[in-house]
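Student: What follows is each chain in one-letter form.
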Amino acid sequence: MGWVAFALIFWVAAWLANIRLANGRWSNRQAVRIAVPLLFGITLLVLWEGLVRGLEVSPVILPAPSRVAQTFAASTETLWGDFRQTVLKGALSGFAIGCSAAFLTAIIIDRSAFLTAGLLPVGNFVAALPIVGIAPILVSWFGFDWQSKAAVVVVMVFFPMLVNTVQGLRETDAMQRDLMRTYAAGYVQTLLKLRLPAALPFVFNGLKIATTLALIGAIVAEYFGSPTRGMGFRISTGVGALAIDLVWAEIAVAAMAGTAFYGAVAWIERRATFWHPSQRSGSR
Amino acid sequence: MRGSLVQVLTVLAAIVGLWYLAVAPMNIRVALDLAERSGAQVVPATAAERQARPAWQLMLANPGLIAQAYRLDRPRLPTPDQVGRELWKTTGRMALRGRAWSKRSLIYHGWVTLRSTFWGFLLGTAAGILIAVAIVYSRVADMSLMPWAIISQTVPIVALAPMIIVVSAQLGIQGRALPKAIISAYLCYFPVLVGMVKGLRSPAPSQLDLLRTYDATGLQSFFKLRVPASIPYLFTSLKVGIAAALVGTIVGELPTGAISGLGARILIGDQFGTPLAIWAALAAAAILAGGLVTVLDIAQRLTLRRMGMA
Amino acid sequence: MGSAPAISARNLDLVFQTRDGPVHALSDISLDIHRGEFVSFIGPSGCGKTTFLRVVADLEQPTGGSVTVNGVSPAEARRARAYGYVFQAAGLYPWRSIAGNVRLPLEIMGYSRAEQAERVARVLELVELTGFEKKFPWQLSGGMQQRASIARALAFDADILLMDEPFGALDEIVRDRLNEELLRLWEKTGKTIGFVTHSIPEAVYLSTRIVVMSPRPGRVTDVIDSPLPRERPLEIRDSPEFLKVAHRVREGLRAGHSYD
Chain A
0 MGWVAFALIF
10 WVAAWLANIR
20 LANGRWSNRQ
30 AVRIAVPLLF
40 GITLLVLWEG
50 LVRGLEVSPV
60 ILPAPSRVAQ
70 TFAASTETLW
80 GDFRQTVLKG
90 ALSGFAIGCS
100 AAFLTAIIID
110 RSAFLTAGLL
120 PVGNFVAALP
130 IVGIAPILVS
140 WFGFDWQSKA
150 AVVVVMVFFP
160 MLVNTVQGLR
170 ETDAMQRDLM
180 RTYAAGYVQT
190 LLKLRLPAAL
200 PFVFNGLKIA
210 TTLALIGAIV
220 AEYFGSPTRG
230 MGFRISTGVG
240 ALAIDLVWAE
250 IAVAAMAGTA
260 FYGAVAWIER
270 RATFWHPSQR
280 SGSR
Chain B
0 MRGSLVQVLT
10 VLAAIVGLWY
20 LAVAPMNIRV
30 ALDLAERSGA
40 QVVPATAAER
50 QARPAWQLML
60 ANPGLIAQAY
70 RLDRPRLPTP
80 DQVGRELWKT
90 TGRMALRGRA
100 WSKRSLIYHG
110 WVTLRSTFWG
120 FLLGTAAGIL
130 IAVAIVYSRV
140 ADMSLMPWAI
150 ISQTVPIVAL
160 APMIIVVSAQ
170 LGIQGRALPK
180 AIISAYLCYF
190 PVLVGMVKGL
200 RSPAPSQLDL
210 LRTYDATGLQ
220 SFFKLRVPAS
230 IPYLFTSLKV
240 GIAAALVGTI
250 VGELPTGAIS
260 GLGARILIGD
270 QFGTPLAIWA
280 ALAAAAILAG
290 GLVTVLDIAQ
300 RLTLRRMGMA
Chain C
0 MGSAPAISAR
10 NLDLVFQTRD
20 GPVHALSDIS
30 LDIHRGEFVS
40 FIGPSGCGKT
50 TFLRVVADLE
60 QPTGGSVTVN
70 GVSPAEARRA
80 RAYGYVFQAA
90 GLYPWRSIAG
100 NVRLPLEIMG
110 YSRAEQAERV
120 ARVLELVELT
130 GFEKKFPWQL
140 SGGMQQRASI
150 ARALAFDADI
160 LLMDEPFGAL
170 DEIVRDRLNE
180 ELLRLWEKTG
190 KTIGFVTHSI
200 PEAVYLSTRI
210 VVMSPRPGRV
220 TDVIDSPLPR
230 ERPLEIRDSP
240 EFLKVAHRVR
250 EGLRAGHSYD
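Top line first, the protein sequences correspond to chains A, B and C.
Note that numbering that gives the first Met the number 0 has the first sequence beginning at 0, numbered continuously upward.
Note that numbering that gives the first Met the number 0 has the second sequence beginning at 0, numbered continuously upward.
Note that numbering that gives the first Met the number 0 has the third sequence beginning at 0, numbered continuously upward.
One chain only, chain A, in its complex shape (with noise of 0.2 Å):
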């Protein structure tokens, strides 16, 4: 009973600190709006380990963090084989070739006002669709090993991208269209001038949608036939096998691949689109 008391215990004192540091002076430092979160996962992760160890939970159901952390560290290279399978083949030359794909298609349809009405319903709806499905379709298409998963994920992330594009493409107003007018500029001009900068804030939301599905994507692929590596791999058979800790070892990187990759657009997004309004507010 010790575990769970020292658990609860560290979740309440976690938990006050956390109000006076949110309420304090220095509630607008950098180093607090880091540390209230990550204060807030390692509670988690007490709370999980104190709570699996008092209460004596089988591992087969669900292991501590801590024994999670040993699996990590003693099958590294079946996490790291598996990641690149899956992550780098897979999930990122499907988001690289979807969403460039999306992008340039986007700026073709753009040039024609009827094909852009026409496809916004239709791209908006069938981005609304479970498109995962078509996972097995396209793995006995493009067989078992990573280009059927980078074509899933390239079907995943092409409509959202693609509408976010369109839409952003628009986003210019009257006055700024008349201005280049006065200049006398060309298609291509007011293109790179004006319509792809005001486009960029929704055409990085597209990219962030992508990022997620392509790693939904690439696993999902796997369940339908893989060779016999990868993350979705792994995980269906380790589920089979009882080896939950490797399992929760696959989440943990597939976890922290996805919140990479997120973060590493979110951070290009900061950068290109330093003056949207939305990037601006708190930083000023």
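Since the hints were made in silico from the structure, they are not lab data.
Among the clues, some could well be false.
Within a straight-line C-alpha distance of at most 30 Å, the following computed DSBU-like cross-link-like pairs (lysine-lysine) qualify [stated by the list, open to error]:
(1) C:Lys190 / C:Lys243
(2) B:Lys197 / A:Lys207
(3) A:Lys207 / A:Lys192
(4) B:Lys223 / B:Lys197
(5) A:Lys88 / A:Lys207
(6) C:Lys134 / A:Lys192
(7) C:Lys133 / A:Lys192
(8) C:Lys190 / C:Lys134
(9) C:Lys133 / C:Lys187
(10) C:Lys187 / C:Lys134
(11) C:Lys190 / C:Lys133
(12) C:Lys190 / A:Lys192
(13) C:Lys243 / C:Lys187
(14) A:Lys207 / C:Lys134
(15) B:Lys102 / B:Lys88
Away from chain C, derived, C-beta distances all over 10 Å, residues of chain A [unchecked claim]:
(16) Trp10
(17) Val11
(18) Trp47
(19) Ala73
(20) Gly142
(21) Leu178
(22) Leu199
(23) Arg269
(24) Pro276
By construction, the Cβ of each residue, glycine as well, lies at the ideal position given by its N, Cα and C atoms.
Since chain A is already given, all that's left is putting chains B and C on it; use the hints.
Tutor: Below, chains B and C without anything else, positioned relative to chain A:
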């Protein structure tokens, strides 16, 4: 929306047209293999030789057999009308024969999926709204929860799905309804949370100040200002949320062992090599998604009109 | 071209087809603006003053009559980059610094790097924004933003400046200062200026000629040649001549409004 009907129909027609065009090159090899086996004249004569040729060359060499590519039982890419017929066979026709609740009927599987989606949606929406209120009113919650809410979405839930299902079985929970609902709630809560935080914070400082001059209580300003102001945001995020909830349910039905639900139909179609079954289940899922979003869209319009916002 | 007018309109007509039926925005406008003049257009909303400026700028197409700008059609004048246009909102691109915004037309028109830098520095000095090159628009006040947008219109060699209520959104004090600066700028550069405004004092203070317009249909009701000297300190606004012109403008506006 109504003004662009012609454009939308044109785009849809173009998509269907491209689909039909793609069927021939996608299926020509299978069609030629079958024709060869049934003794027809095929150029080049063996599958190995054909493997080296691109699809368009095969089509040019065997113009008479292209039609076969549109009539396969197990096509790599079925035609839209094949999908439509399969869908009808497993829904409308079965319903007409009084077998709508048969295990082979997509109506039954669609219903299973819909039910889980609904529970997941309810759970996710409730969680999203509650966390949003906490975030808007508590600085601690804002600072500690918001970053983790974002991180939670970058964790691919599908990685958790098989485990949630196995663990809940270990814990003695019967059936898959609950784990599926949890997965779909996990995907659904985030858009609701983000939309509601935005919506609850949307009143301008001057509007809040006005209520302060009335000495309104916190509850009063919550229900009289923040909640109404957040309704348009709520509906917009509910539409995203329900689509996400459906994705979550289907993902929850994919891992091995599932027997009911549209996701399970996709899985079974894959295992038994019946592509038409997969396509029909996909079409059913698309219809379900469209229906759910449309229902919310109508609810949004009605509500906003009654509130005088649209 | 010599003494040919910079802008010349003959029997100009423009009817917008809207959902509520046709709107007669400009009706039978005939007007010459000569080189070096400062002409203000004043009138209530809907009198067509902005529309007239937009027709001159080839942003709207007239439905009747003719306009020439520097002796050619507005479209040709636009392609020859004959005028700079200042909108009511500064409309600076938030992703470009102040210098970057002023450089925008120069990049589009293909000036060399060296010339871009030289011109940006010169016009920013002209509008007293030297030292703010690296700032971003949202870091400046509204008045400074509008000065930057004037610098942007001055950066290339257009000899006509079209200004559509450029100071309409600014407060009175800032507006006074910018009015003074604009006069000084006009004096220095000798440009032809077409200026749309809502404000009687502003129109009288700035212009060599004031065109009073009235709505439904948009037409010219009075054209007033200002007797004020070109050298105008702010205090001139208390002089009897100034008040007389202002009075006549007010009368013209009232006459145009008499039946509504």
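Student: Give a verdict on every hint.
Tutor: Checked hints:
| no. | hint | result |
| --- | --- | --- |
| 1 | C:Lys190 / C:Lys243 | holds (27 Å) |
| 2 | B:Lys197 / A:Lys207 | holds (18 Å) |
| 3 | A:Lys207 / A:Lys192 | holds (24 Å) |
| 4 | B:Lys223 / B:Lys197 | holds (17 Å) |
| 5 | A:Lys88 / A:Lys207 | holds (19 Å) |
| 6 | C:Lys134 / A:Lys192 | holds (19 Å) |
| 7 | C:Lys133 / A:Lys192 | holds (18 Å) |
| 8 | C:Lys190 / C:Lys134 | holds (28 Å) |
| 9 | C:Lys133 / C:Lys187 | holds (26 Å) |
| 10 | C:Lys187 / C:Lys134 | holds (26 Å) |
| 11 | C:Lys190 / C:Lys133 | holds (28 Å) |
| 12 | C:Lys190 / A:Lys192 | holds (28 Å) |
| 13 | C:Lys243 / C:Lys187 | holds (28 Å) |
| 14 | A:Lys207 / C:Lys134 | holds (29 Å) |
| 15 | B:Lys102 / B:Lys88 | holds (13 Å) |
| 16 | Trp10 | holds (43 Å) |
| 17 | Val11 | holds (44 Å) |
| 18 | Trp47 | holds (44 Å) |
| 19 | Ala73 | holds (49 Å) |
| 20 | Gly142 | holds (44 Å) |
| 21 | Leu178 | violated (6 Å) |
| 22 | Leu199 | violated (8 Å) |
| 23 | Arg269 | holds (13 Å) |
| 24 | Pro276 | violated (8 Å) |
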